[in-house]
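K.L.:
Work out the full structure, taking the sequences as your base and the hints as a guide.
Heads up: the protein sequence lines correspond to chains A and B, in order.
Heads up: the first sequence runs through residues 1 to 50, numbered per my numbering.
Heads up: the second sequence runs through residues 1 to 403, numbered per my numbering.
Treat each hint with caution, since some may be false.
Claimed, not checked - Here are some chain B residues the structure puts well away from chain A; computed CB gaps all over 10 Å:
hint, residue
1, Arg73
2, Ser95
3, Ser148
4, Gly176
5, His213
6, Leu358
7, Gly360
8, Ala361
9, Gly382
To be verified - Listing some non-contacts, in silico: residues in chain B with all C-beta distances to chain A over 12 Å:
hint, residue
10, Leu41
11, Leu105
12, Val109
13, Ala164
14, Leu217
15, Leu375
16, Arg394
Said to hold, decoys possible - Simulated coverage check for chain B against chain A, where a stretch passes if three residues somewhere in it have a Cβ under 8 Å from a Cβ of chain A:
hint, region
17, 132–145
18, 149–158
19, 254–262
Hints listed in this document are in silico derivations from the structure and should not be mistaken for laboratory results.
Heads up, the beta-carbon is just placed ideally off N, CA and C, and yes, glycines get one too.
Single-letter residue listing:
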Amino acid sequence: MSRRGVRDLLIGLLLAGVAFLGTLYQVNESTASAHQGKGEQLPKLFCPLH
Amino acid sequence: MRPVPWWRTPTLVIAAGCAIAVVTFGTRTSFGLFTAPLTDLRGWDRETFAFAIAIQNLLWGLGQPFAGGIADRYGAGRVLAAGGAVYALGVALMSVSTTPAQLALSGGVLVGLGLSGGSFTIVIAAFARLVSPDRRSWAMGVATAAGSMGQFLFAPLGESFISAYGPATALLLLSGFVALVPILAFSLTGKGEEDPAEAHVGTREALRTAIRHPSYLMLTCGFFVCGFHIAFISTHLPPYLTDLGFSHSLAAWSLSLIGLFNVIGAYSAGILGGQYPRRLLLSGIYLGRGLAFALFVLIPASTATVLLFAAVIGLLWLSTVPLTSGLVALMFGTRHVGLLFGVVFLSHQIGAFAGALLGGAIYERAGNYDPMWVLCIVLSLGAALIHLPIHERRAPRLAAGTA
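P.N.:
Okay, here's the thing in structure tokens:
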């Protein structure tokens, strides 16, 4: 794999890693809010165009 | 040739553009967190907050072609700086708004106009000009993924600010982040190098040429479908799942999985767009959406099928953005890309409006979402077909020597 390919892959993994942690956080918050009786708080969906 | 200053190197340009996408979009998506605490604090009803956000979305969409046109003329950096400043002012004034009218002006008008000039779509236009053609598609993919990732960073941040300081101070703190946009925009100033293959035409002529160009119209129609799908899924997937008897936590997982796979899909589409014909990739994405919708409603639903559907739709979610914006830059050059992508973006917003609205209207009449799923599948197939005849080359009237 070329140097550029390795760099692209690493950047992609970084983005996916942060997004994965964010996913876990969101689900955790959503579940916690439901258990605490705060009502259903679904994660927001993420479109930069909205 | 003049040497490129250090703050204009491609790496810094891309990093600054991604940081702007993260901050502006992250702050925008965190507004949902303020609905309950801010309305409770001021004694408003939810409609008041929703009305301000509706004005914001409307002005954002309508203002985009104008902001793009100004960016084409005076440089994306200036528009990003001005837009970021207006956006930051709007968020700061939201924190001291005490009446519905003040909220509509600050959170609605100012933030909406600020988003037109200071956010993601202008960053895409800047990348089209400032990043070399061989890295352009990748850069657009990174910006799209970064924008999508912004909410993962700003949702916890907004939540902790609200918990620690209350909603008004939290908004003020967030406006401090948005105030960084004019500084970051410094790297995105200028118009990049002139493309010798591009004809010198005015804004009106470029717009006239574009709207007479069948490929541009097909691309614009395709992006309408994208907005339609996304708004329908965002708004109506959770109630659809609830109707099927699934739990709240599965709906939460589904939406989060869409967000996660969206980042991966947008980034991957940026890389693929630099290597393969974009029109075929777009056609494949819309066909994939259609198949995913059809299988989702035809196969008996289970936890596994719901999560698989969310992952697949996430991969196909915003992967259209780097490919669509890349095609606009390829067909019409970079001189008017802000304006022309702004118009395409407006069709996306209209599609989003229609998707969210029709989903509710059809549910009220039919008592279920079945007709809406059928409509989504038909639109997917239409969008898949409409991208195939797109001419993936410079529009003849905008090539040098033909204007």
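K.L.:
None of the hints should be skipped; say for each whether it holds.
P.N.:
Here is what the structure says about each hint:
1. For B/Arg73, the condition that its CB be more than 10 Å from all CB atoms of chain A holds, with the nearest at approximately 23 Å.
2. With a least CB separation of 20 Å from chain A, B/Ser95 remains clear of the 10 Å interface cut-off, as annotated.
3. Remark: the non-interface label on B/Ser148 conflicts with the geometry, its nearest Cβ contact in chain A lying 5 Å away (cut-off 10 Å).
4. With a cut of 10 Å on Cβ distances, B/Gly176 stays outside the contact zone with chain A, its closest approach being about 21 Å.
5. Distance to chain A confirms B/His213 as a non-interface residue, since its nearest Cβ pair spans about 23 Å, more than 10 Å.
6. No beta-carbon of chain A is positioned within 10 Å of the beta-carbon of B/Leu358; the least distance is around 16 Å.
7. At roughly 16 Å from the closest C-beta of chain A, the C-beta of B/Gly360 stays outside 10 Å, upholding its exclusion from the interface.
8. For B/Ala361, the shortest C-beta to C-beta distance to chain A comes to about 19 Å, beyond the 10 Å cut-off, and the non-interface label holds.
9. No Cβ of chain A comes within 10 Å of the Cβ of B/Gly382; the nearest lies about 20 Å off, and the non-interface call holds.
10. Interface exclusion of B/Leu41 from chain A stands, the closest Cβ pair being 17 Å apart, more than 12 Å.
11. Even its closest Cβ contact with chain A, about 21 Å, leaves B/Leu105 beyond 12 Å, as expected for a residue assigned away from the interface.
12. Look at B/Val109: its CB is around 18 Å from the nearest CB on chain A, clear of 12 Å, so calling it non-interface holds up.
13. Here B/Ala164 stays apart from chain A, with its beta-carbon at least about 16 Å from theirs, past the 12 Å limit.
14. Taking the minimum C-beta to C-beta distance to chain A, about 19 Å, the non-interface status of B/Leu217 holds against the 12 Å cut.
15. Consistency note on B/Leu375: stated as away from chain A, and its beta-carbon is indeed over 12 Å from all of that chain's, at 20 Å minimum.
16. With a least CB separation of 26 Å from chain A, B/Arg394 remains clear of the 12 Å interface cut-off, as annotated.
17. With a threshold of 8 Å between beta carbons, the proposed coverage of the region 132–145 of chain B by chain A holds, since 4 of its residues qualify and at least three are required.
18. With a threshold of 8 Å between beta carbons, the proposed coverage of the region 149–158 of chain B by chain A holds, since 7 of its residues qualify and at least three are required.
19. Interface restraint, the region 254–262 of chain B with chain A: holds (7 residues with C-beta to C-beta distance below 8 Å; minimum three).
In the structure shown, a violation is registered for the earlier hint numbered 3 alone.
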